[in-house]
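Peer 1: Given the structure of chain A, go ahead and fit chain B onto it with the hints provided.
Protein sequences, first through last, are from chains A and B.
Numbering (the working numbering) for the first sequence: 1 to 470.
Numbering (the working numbering) for the second sequence: 1 to 160.
These aren't lab readings, by the way, just hints derived from the structure by calculation.
Here the structure is a predicted model, which is why all the values come from computation and not from measurement.
One or more of the hints may lead you astray.
Chain A stretches covered by chain B per the calculated footprint, using a threshold of three residues with CB under 8 angstroms from any CB of chain B [to be verified]:
| # | segment |
| --- | --- |
| 1 | 61-68 |
| 2 | 104-117 |
| 3 | 142-154 |
| 4 | 432-443 |
Even glycine gets a Cβ: it sits at the ideal position worked out from N, Cα and C.
Now for the letters of each chain:
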Amino acid sequence: MDVTIVAVPYVETVEAIMAPALLKSVLATHNIRAVAIDLNIEIVNRIEHHPRKQQILDFFFSQVIHPEAVEDIEEIINYCSHRILQYNTPTIAMSMLIYSGQIFTRWLCARIKTINPAVKIVVGGTGIKNFVAEDKSTFCEQARQLGLIDDYIIGDGELSLVEYLKGNYNYPGINNNDWLPLANLNDLPFPDYSDYDFSQYKDKEIPINDSRGCIKNCEFCDVIEHWKKFQYRTADIIFEEMLYQIDQLGISYFSFRSALTNGNMKEFNKLLDLIVDYNSNKPREKQIGWNGYFIIRNAKFHTEDLWKKISLSNGLLLVGVESVVSRVRHQLGKTFEDDDIDHNLKLSQQYGVPLILLMIVAYPTETLQDFEYTKQWFRNHKQYANNCVKFVNLSFASILPGTQLARKSDEYSIKKGSLPSIWINQNLSITTKQRLDYLRELRDIVVNECGFNAETSEQTIEHSTTDDTF
Amino acid sequence: MQKPVNKLSNIAQPMIPSKLTINFRFGLYNGSMSLRISDKDKELFYLSSTDKELVCAEFPLELPNILVFEIEGKNPKTDTKLSSDGQVIADKFIQIQSMSLDLIPVSEQLLFKILKYTPANQDTTFNTYWAFNGVAELDFNEQTAVRWHLRNNNVFNLNV
Numbered sequence: 001m002d003v004t005i006v007a008v009p010y011v012e013t014v015e016a017i018m019a020p021a022l023l024k025s026v027l028a029t030h031n032i033r034a035v036a037i038d039l040n041i042e043i044v045n046r047i048e049h050h051p052r053k054q055q056i057l058d059f060f061f062s063q064v065i066h067p068e069a070v071e072d073i074e075e076i077i078n079y080c081s082h083r084i085l086q087y088n089t090p091t092i093a094m095s096m097l098i099y100s101g102q103i104f105t106r107w108l109c110a111r112i113k114t115i116n117p118a119v120k121i122v123v124g125g126t127g128i129k130n131f132v133a134e135d136k137s138t139f140c141e142q143a144r145q146l147g148l149i150d151d152y153i154i155g156d157g158e159l160s161l162v163e164y165l166k167g168n169y170n171y172p173g174i175n176n177n178d179w180l181p182l183a184n185l186n187d188l189p190f191p192d193y194s195d196y197d198f199s200q201y202k203d204k205e206i207p208i209n210d211s212r213g214c215i216k217n218c219e220f221c222d223v224i225e226h227w228k229k230f231q232y233r234t235a236d237i238i239f240e241e242m243l244y245q246i247d248q249l250g251i252s253y254f255s256f257r258s259a260l261t262n263g264n265m266k267e268f269n270k271l272l273d274l275i276v277d278y279n280s281n282k283p284r285e286k287q288i289g290w291n292g293y294f295i296i297r298n299a300k301f302h303t304e305d306l307w308k309k310i311s312l313s314n315g316l317l318l319v320g321v322e323s324v325v326s327r328v329r330h331q332l333g334k335t336f337e338d339d340d341i342d343h344n345l346k347l348s349q350q351y352g353v354p355l356i357l358l359m360i361v362a363y364p365t366e367t368l369q370d371f372e373y374t375k376q377w378f379r380n381h382k383q384y385a386n387n388c389v390k391f392v393n394l395s396f397a398s399i400l401p402g403t404q405l406a407r408k409s410d411e412y413s414i415k416k417g418s419l420p421s422i423w424i425n426q427n428l429s430i431t432t433k434q435r436l437d438y439l440r441e442l443r444d445i446v447v448n449e450c451g452f453n454a455e456t457s458e459q460t461i462e463h464s465t466t467d468d469t470f
Numbered sequence: 001m002q003k004p005v006n007k008l009s010n011i012a013q014p015m016i017p018s019k020l021t022i023n024f025r026f027g028l029y030n031g032s033m034s035l036r037i038s039d040k041d042k043e044l045f046y047l048s049s050t051d052k053e054l055v056c057a058e059f060p061l062e063l064p065n066i067l068v069f070e071i072e073g074k075n076p077k078t079d080t081k082l083s084s085d086g087q088v089i090a091d092k093f094i095q096i097q098s099m100s101l102d103l104i105p106v107s108e109q110l111l112f113k114i115l116k117y118t119p120a121n122q123d124t125t126f127n128t129y130w131a132f133n134g135v136a137e138l139d140f141n142e143q144t145a146v147r148w149h150l151r152n153n154n155v156f157n158l159n160v
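Just chain A, with the same shape it has in the complex (with noise of 0.2 angstroms):
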């Protein structure tokens, strides 16, 4: 074995990273074997029946220690040095989906490194960085210094760790930003999840890719800034890496891991029609069923054949609404209308086709009469509440840096704070408790007036500031 590519914890999620198992496949093109270790679920799985899971969970997502978690602290760490070293390869590539995995990373690599310094541990992933369109790699440059790291690469691996692993430590992404991203997603081969025991995983489904970047341009999105250019996959491909993962794991229910499955329609509506052919003539449970992020358009694009399509592939969406005021949605890039917003909940119920709805509660321009006006948006359309709409996911907003809406921030006139979802529209006045505020009432009013399932992010909510001017 050359390499041990591993999703390093803590991401909570019980789904598969796919990651490691696609860089295994794109390695093999080059002969270059590696094993694929997704420790993530197998640490998501030890703790969530432990005591003191949130003593752990305080330790991976902000490093306080309770005393009475240190043994347990020790104990994972040691766990996961074991279960990457026990490979006993030269190098050790970490996969790093979100930010909150660098602390945890910190404390393993010292391990590892303790046990093997001759190992080399190179780190990748969007998580390697605190927000992803950042020019700053902070994480990576302390890690390296402390020598706990060897190397690290920013933006797309599957070029770039080939060639660090051939010895090719000036190719562009390689400790530095200038990455190339990757000419045609079609050409990359199908992750090879052999290495993963999928009975681990709470959601038996399958991670698979369709495109990268996003065909909008919306002014809070990082996405578009650190993949600038919208690739998609065509159905056929996609449609053939679904057969052949079925066969091979026997799962039939697909995640896509992209910012929106109709980027394309053509290949989008191909791919519902081979999906529809394919379940048409097998029970439910043989069946094909997905999810993804869908974006809303029309009725001219949208049509009722469309919706019925997506019911006959068991598709399952997270729509980004982000904000139910026209003028807001706009503004920030999302150029549907609300007319196109209640075509498309009225022919999901219709069809039965399950929502998540996305939104973003207080974005900087909304008026406290915007407010207002996005309360009574739910209590008129409560009917869609568990029919159709299964999930409002509820978002604080928060200006991540490097976006657009970052480098607006003075037209908008808004003051940012310690953190991206602090900040104040000085135009406007409204502060972030108020903001806080309006956000409980929010989940209030949608959960308990009308009947919907919400969510908002328990970390986003805790985040308060002592500072009046916010």
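Peer 2: Chain B only, in chain A's frame:
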């Protein structure tokens, strides 16, 4: 109902001695002080004198352990230069600049809490700056380095 899990794993860890790295700054005036570092059993590092301001000491360390630093070679009458108004303008001293145990930095804050320094004929203080002959002690009172860091709440600096 799931049975509560207390042990996460039973994997035996390899018995590898820890590695301690200490970066010292030597105040050079009329030469340098000498430094001997030993544990309960043996001498781990010795420097009779140096003409370098920065010196790195790195050695394996078995845990638990107590490190003893013996600092000698200073003549208090001749090895400190004072200005006419009594300010120290040159001195012979040893200072710990940084320390890491198994690659994890030991914070300055923690060192000031646990590094006992006893100058000859004086009371014990907690200090990383040694300007008198004497003895310093550092107690690594845990079985493993990771546990020692965790128990002492010694964490990575995330605000770099």
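Peer 1: Now look at each hint and say whether the structure bears it out.
Peer 2: Verification of the hints:
no.	hint	result
1	61-68	holds (count 3)
2	104-117	holds (count 8)
3	142-154	holds (count 4)
4	432-443	violated (count 0)
Of the numbered hints listed earlier, the single one contradicted by the structure is hint 4.
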